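Engineer: Given next are the chains, with one letter for each unit.
There are 4 protein chains.
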Amino acid sequence: MFFQRVKTQGLGHNAYVLGCGNGLAVVVDPRRDVAEYLQLARDNDLSIAYCIETHRQEDFEFGSASLAELTGAKILAGKHPLFGRVDVQVGDGEEFTVGTTRFVALATPGHTPESMSYAVYPEDAGDQCWGVFTGDALFVGDTGRTDLSDPEKTAENAGLLYDSVHQKLAPLGDQAILLPAHGAGSACGGNISERDESTLGIERATNPVFTKSRAEFMAQKAGEHLPRPPYFSHMEVVNLEAGRPVPASPDDRVLLPKAFQERARGGIVIDTRSPDAFAGAHIPGSYNVWLKGLSTFGGWLADEQTPVFLVVEQPAKAPLAIAQLARIGIDRVEGVLVNGVEAWREAGLPIEALGTTSASEAARWNEEGDLSILDVRDDMEWKEKHIPDAHHTFVGHLEADLPAIPKDRRIVAHCSVGHRSGLAVSILRRNGYTNVFNMLGGITAWDKLGLPLNRNQVE
Amino acid sequence: MFFQRVKTQGLGHNAYVLGCGNGLAVVVDPRRDVAEYLQLARDNDLSIAYCIETHRQEDFEFGSASLAELTGAKILAGKHPLFGRVDVQVGDGEEFTVGTTRFVALATPGHTPESMSYAVYPEDAGDQCWGVFTGDALFVGDTGRTDLSDPEKTAENAGLLYDSVHQKLAPLGDQAILLPAHGAGSACGGNISERDESTLGIERATNPVFTKSRAEFMAQKAGEHLPRPPYFSHMEVVNLEAGRPVPASPDDRVLLPKAFQERARGGIVIDTRSPDAFAGAHIPGSYNVWLKGLSTFGGWLADEQTPVFLVVEQPAKAPLAIAQLARIGIDRVEGVLVNGVEAWREAGLPIEALGTTSASEAARWNEEGDLSILDVRDDMEWKEKHIPDAHHTFVGHLEADLPAIPKDRRIVAHCSVGHRSGLAVSILRRNGYTNVFNMLGGITAWDKLGLPLNRNQVE
Amino acid sequence: MFFQRVKTQGLGHNAYVLGCGNGLAVVVDPRRDVAEYLQLARDNDLSIAYCIETHRQEDFEFGSASLAELTGAKILAGKHPLFGRVDVQVGDGEEFTVGTTRFVALATPGHTPESMSYAVYPEDAGDQCWGVFTGDALFVGDTGRTDLSDPEKTAENAGLLYDSVHQKLAPLGDQAILLPAHGAGSACGGNISERDESTLGIERATNPVFTKSRAEFMAQKAGEHLPRPPYFSHMEVVNLEAGRPVPASPDDRVLLPKAFQERARGGIVIDTRSPDAFAGAHIPGSYNVWLKGLSTFGGWLADEQTPVFLVVEQPAKAPLAIAQLARIGIDRVEGVLVNGVEAWREAGLPIEALGTTSASEAARWNEEGDLSILDVRDDMEWKEKHIPDAHHTFVGHLEADLPAIPKDRRIVAHCSVGHRSGLAVSILRRNGYTNVFNMLGGITAWDKLGLPLNRNQVE
Amino acid sequence: MFFQRVKTQGLGHNAYVLGCGNGLAVVVDPRRDVAEYLQLARDNDLSIAYCIETHRQEDFEFGSASLAELTGAKILAGKHPLFGRVDVQVGDGEEFTVGTTRFVALATPGHTPESMSYAVYPEDAGDQCWGVFTGDALFVGDTGRTDLSDPEKTAENAGLLYDSVHQKLAPLGDQAILLPAHGAGSACGGNISERDESTLGIERATNPVFTKSRAEFMAQKAGEHLPRPPYFSHMEVVNLEAGRPVPASPDDRVLLPKAFQERARGGIVIDTRSPDAFAGAHIPGSYNVWLKGLSTFGGWLADEQTPVFLVVEQPAKAPLAIAQLARIGIDRVEGVLVNGVEAWREAGLPIEALGTTSASEAARWNEEGDLSILDVRDDMEWKEKHIPDAHHTFVGHLEADLPAIPKDRRIVAHCSVGHRSGLAVSILRRNGYTNVFNMLGGITAWDKLGLPLNRNQVE
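Residue numbers (the UniProt record's numbering), protein chains in the order written: chain A, 1 to 459; chain B, 1 to 459; chain C, 1 to 459; chain D, 1 to 459.
These aren't lab readings, by the way, just hints derived from the structure by calculation. Wrong hints could be hidden among the right ones.
Claimed, not checked - Computed list of lysine to aspartate or glutamate pairs in DMTMM-like fashion (alpha-carbon distance at most 20 Å, straight line):
id, chain 1, residue 1, chain 2, residue 2
1, B, LYS448, C, GLU352
2, A, LYS7, B, ASP43
3, B, LYS7, A, ASP43
4, B, LYS258, D, GLU399
5, D, LYS74, B, GLU236
6, C, LYS212, D, GLU36
7, D, LYS212, C, ASP124
8, B, LYS448, A, GLU262
9, A, LYS317, B, ASP43
10, D, LYS292, C, ASP401
11, A, LYS7, B, ASP45
12, D, LYS258, A, ASP447
13, B, LYS448, C, GLU262
14, C, LYS448, C, GLU384
15, A, LYS258, D, ASP163
16, C, LYS74, C, ASP124
17, B, LYS317, D, GLU367
18, B, LYS212, A, ASP447
19, A, LYS292, B, ASP43
20, D, LYS448, C, GLU123
21, D, LYS317, B, GLU334
22, B, LYS292, A, ASP43
23, B, LYS317, D, ASP43
24, A, LYS212, B, GLU36
25, B, LYS7, A, ASP447
26, D, LYS448, A, GLU262
27, C, LYS7, D, ASP196
All values reported here derive from a predicted model rather than from experimental measurement.
Modelling step: build the complete structure from the supplied sequences, incorporating the hints.
Structural biologist: Right, here's the structure in full:
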């Protein structure tokens, strides 16, 4: 029985290709660029019969429509109207069979109203549930956020989710393998484990949705304040149509430095190199989003209309950078400067540098008093622990919050390890702040060195 | 938490690379060519701290010694003397910690006396066992063969294995993920599932070691007669030293047809193309072992002293063919004819062809009476079902059993689908049989077409 | 100075990516699937400024329009109206500069009326011509065929070509590197060298266009009878628009055996495995075209309207098979049976086999008289040498010439080594011939064994 | 006829694989890691018959011995005793044939006393020379340095070289393709063209060895002062034995930050990231050598006894970094920190940063007077043009020349574009200089911006 989790880095997304017997396969929650699923099918002699959707994803664009067109597969989902384009609708408790494998559809609302889970019973695994595709209902160590459909009803939805998990999933048994739509790094959960493999039994012993009471759980979820990137709204629209194909011709034109400089005036420049390289030298006015963070943080900087110009570390990375933006619906990449920072410099075009610092040096400066510390992590991370007297603004909101940041002091920005603060210092720099430093190693290093922290118990 | 099963096709072998926290990893039961493990470690920024062995494998050569030398890892195994080269010995019930992950060693004899399992407790998975490396004690849907250490004691060892599973593994709980050393296609179990993912709970409901009584289980195992390839003895010796490195210079010299013809006189020719291509045209006297079967069936044809000359379908496949033999300790590949069947023909060198047939045609011939059907599957497959009046000899024993095969009749060889019968007809051909056919599709097609079969209930 | 010949196997086609200084590059005669050129540009930090066309290619579909759209490059060609979509037109003798590299356009008609060559003068190579893109005017060891525009004027066009080469190319000097649009295996020349590297000086000493007189050359070309695959007409139309993009969604759906069987009724099945494998076992009614021959011989079997169903040896080869057809404008691949001959057999679906034979065996049969030898090479090859009493029909014309082939005798088909005769025997087989053999090794082996041949001096 | 130049970046080295007919190939001047040659041979169905050496290379370690052992090839070279291990010795003017290809050996001393060239006459290229392997006698646009055997005799050897080129190579004709052992970036020539493709005719019109008189040429060569990296001496020894195999087990152990820090105390740390990333943050005391420069500049920092610890940008680059050192005989890489600068920071381990600046900013500083400019290019580059009042020391000699560099001023280091100055600032930093800046864009940007330069006519 072929089975493969296909992870999409940067989105913390899991799709699954599952062989179902008789040469048929299903793909669960495919992302927009589907070539990898097609190749897995080909390599394992599988014909894709269904694209199964657990819910209308908000954080990435679906590839269901593409897969359906390319392979003749049918799109299968629940009956809720938030599933738009669906070929086969299944209701709560309904069974269906693909090849020799039986599935039971389970309505598991809470993360969103339409959320479905699918319990899987392969022919040779007996009467018990072998595994369950849970979408964003149940993650390893966490549950889906419940604020998306209506922030006012975060707690109420959490109660709904609690019931879904306890009434629909828990009865499947400890032995069932957990197959969620997201892993660590997703914008859809605040505290998903770095471990991908789990079972319902392991979750029953460790996951807050099981270890807390319903009321405690509702309170916890109500207290979560996860950022909601602006591109989510666009995804909600396009996913009603099961996603759009990746543009036939991703415009990966290599631009020479002068042409890049000229055209980029009509858009934004995103430099995907590491925060160190960006600090060392970069194009004035560019944003810094490290390559793997592009799907998550690109959506805070650009929308589907923004002309984007990319700086990449190496040519081989350009297609990945373009794909990462396409996965969240941003298709207007109008130029790439590959290897080109070098050509840029040799052309005598202007460069800028930024400061970097370490936790120990920053602590020394802090004692000397000449410093404003800016923490750009999200609310939950801030609540868990933070440097005393630091100023907190989530990096996605920084551009809006600039009036609160003083221009006349040395600013040391940090996040957990240094990537998001790389974006933060690039935002400060392009807004006229000159005395800015990225604290590499972040609060992780600060903590390891035993430097002072305020720790607030997270509920 | 990084976790990756690394499958070795042809051996049905699973090794595992497990990230244990703090940047440390363990590799469980590594095969001889270790580059893939090293790359996984590098790609995930992991330092390999331990090579963990579940038992002295018989069916492939260990890479533990190589990994230890290359990375500084320590070899960890049980205290039984059948583990030879070990840096860290752990006894039954003993705990050890790597990074932030706790392991409990469990003596689980039965397959072999020294067999160990290792229960794993990652930091964030609570007090319950997350998964268990079971070696050849417990497979998905099956258990390790119990005839290897002493065929006389097959039943007795099966009882021992039954107790190991029930007393040591079952108590770990339904939620524990099963991580065995072999999957389908292994020579170490007769009926391992094609499905790789399972949990103890799923096994408890479906695996014969759980669904049968102790006595029934002993009887079943006693009735199993799995072939024991001759190279196993060599593996037992070299694995006492935790395996040898792959030769620095795998001798993959490309030979021109005439040189190949000349030198091959001092050894054997193995043609790794598909049975169809072999049937279409091949070098007289060559054996046919399809590429993925080389680790399993190469060990019936050659030992560590045999000069081997390979015919491969495409140049890119030569390294894999050489690796497959190296994995079972056969290093004397002294020439490769790549793309070269073509060059061979163009040189006017002699070729031979063989007949192929389908199940329906063979059935027609059979009715007409002019036919001897030769079934070369193993004993268990034969017992389960076979064509009436067929002659049965396992392909590994065919060369020895030739006196029993008539030379004057048309012989149709078959196995389950056509690969092993490809080897069988090549053996017949090189021994002077001329009227031989490979029944492509095998008994699988025969059965699907509803042709007559004797079915013997397997216990 | 970056310079790379990009060969397209099967078409014997050369495109070129040439760095021209200042980060600019040109691509000469790009094929339809342009990803490889884009990657070379990216990897070498080059911006593609021009797609240069030497003539309206007939044997493959251009990628100029795609490249122009993807990169902003301009299409540069001559002024003749047979160049349709052109952004920059250059006349005979006109100069243009890209980056720091100077080009001189040269009208070199003969192969076709519009044919242009482009002499290249890089900055650091002095005043002499460094190299010249000759399109189909001058190949290594050969010249472009002159029958395409009007078979009646083959000799006349040859005279024109002779003048182009002597008056326009020869004056560039012995030192100039020859950069033609085709190498060995092309349908555009009959006798192109297997060697890709040459200079005008080497050609001057060896190429018939130089070693023969004008009259001799005209006579030679008039005597050439090269096959003209039917898809050429389609290429002439689409290349007026500089080619079409590869379909966004190459339909590479994996079909299960029964679905494949059913749907394939509405189209043709092309089996891309080796002739040996095809001979060993194949789907009844399928054509056999070895993978690398698909661009050349697929165009004799299908046109842009034909639904094509592919059998491939391994999944990884499916995209290449689909690309090879797309390169000649055949986009309706509606199903792929990957790995699937095996699944086909296991499903009990019918298979057929074919005979193979060697030159020595065929010669023996021939002496015994019970044989009709069918030579399916092209006219030039036949003229050069052939087996006495063989029947000659070019494989592309075989289906039309079947009435001339007796059904009641044993037929041994051959070509030079066995690929085209593989196609031939598949054609015979699907037309009801049962006693057919592919003579593997072909006339090459026959010749090496010293068997009798009629040798006719080729002019 | 298969022909492939195999470039080794960083060494500016060309090896060649040439198919010679009858399935035989030669490899000319192979580097130490030979896998790429073996693969080319396999992929093109070629048996390597000879490793041909043009001279005892000084700048990289030979792979001839390895290839000979792996493939059975024979080592062919000249008769001079500076060729040590040779199987087949050929004298000046001697012919030999491989397959259907004729070679003529030509003694072409000057670069070194033993230097040989080999003129090639493939079967189908007529009586003229098709191409010539010139080793370090004649490059594209340059000739081999003549100071290596005895710096006192630089001019005298130049005369010898002049005669070799004029008397032995020129007569081969303008049409002959030039196949030298090095291209741009080599330490064996000062001014080799970036263009790889040339012919003797093109050289005759442009190369100083042709455009100058013998006396002028001798004077020019006498005036060249190319750096001679210390590892050259080691190469001279090992290449007498035709090179050693790459160690079976390149020790690429992944070290965790603390282990790396500890062990690295016994050796040197080389950070192979870009100069920007190094400037942004690096491990105190580390050298910065960009990845592609490792073969050239690693040899100035380490010898075959030095334990080396590598920092690489991405895991996939580690094997290349290790190979680059192995190619110049440095095998003691004892640890790699992959991805690990991040882990390093998160562990709170100390980091350092460096300044970067642009040409325009540096010019501004310079006007303000508070600056010492350090030019670390080689002598020839310095002579050609330099910034007024800059201090010049070749980067390879910087560590020895530190006493001449003031510690109390701001130092801006530059080279041509910023790589070698990256190494220079890292050297300064680890020697206690704190106020150091790397001028990114180098003198190239300075020149493009029209800033003042002293230009000294190079002879």
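Engineer: Now tell me if each hint is right for this structure.
Structural biologist: Status of each hint after checking the structure:
no.	hint	result
1	B/LYS448 - C/GLU352	holds (18 Å)
2	A/LYS7 - B/ASP43	holds (15 Å)
3	B/LYS7 - A/ASP43	holds (15 Å)
4	B/LYS258 - D/GLU399	violated (59 Å)
5	D/LYS74 - B/GLU236	violated (39 Å)
6	C/LYS212 - D/GLU36	violated (42 Å)
7	D/LYS212 - C/ASP124	holds (16 Å)
8	B/LYS448 - A/GLU262	violated (68 Å)
9	A/LYS317 - B/ASP43	holds (16 Å)
10	D/LYS292 - C/ASP401	violated (61 Å)
11	A/LYS7 - B/ASP45	holds (18 Å)
12	D/LYS258 - A/ASP447	holds (17 Å)
13	B/LYS448 - C/GLU262	holds (18 Å)
14	C/LYS448 - C/GLU384	holds (15 Å)
15	A/LYS258 - D/ASP163	violated (47 Å)
16	C/LYS74 - C/ASP124	violated (25 Å)
17	B/LYS317 - D/GLU367	violated (64 Å)
18	B/LYS212 - A/ASP447	violated (55 Å)
19	A/LYS292 - B/ASP43	holds (14 Å)
20	D/LYS448 - C/GLU123	holds (18 Å)
21	D/LYS317 - B/GLU334	violated (33 Å)
22	B/LYS292 - A/ASP43	holds (14 Å)
23	B/LYS317 - D/ASP43	holds (10 Å)
24	A/LYS212 - B/GLU36	violated (42 Å)
25	B/LYS7 - A/ASP447	violated (40 Å)
26	D/LYS448 - A/GLU262	holds (18 Å)
27	C/LYS7 - D/ASP196	holds (19 Å)
Of the numbered hints stated above, those contradicted by the structure are hints 4, 5, 6, 8, 10, 15, 16, 17, 18, 21, 24 and 25, listed in ascending order.
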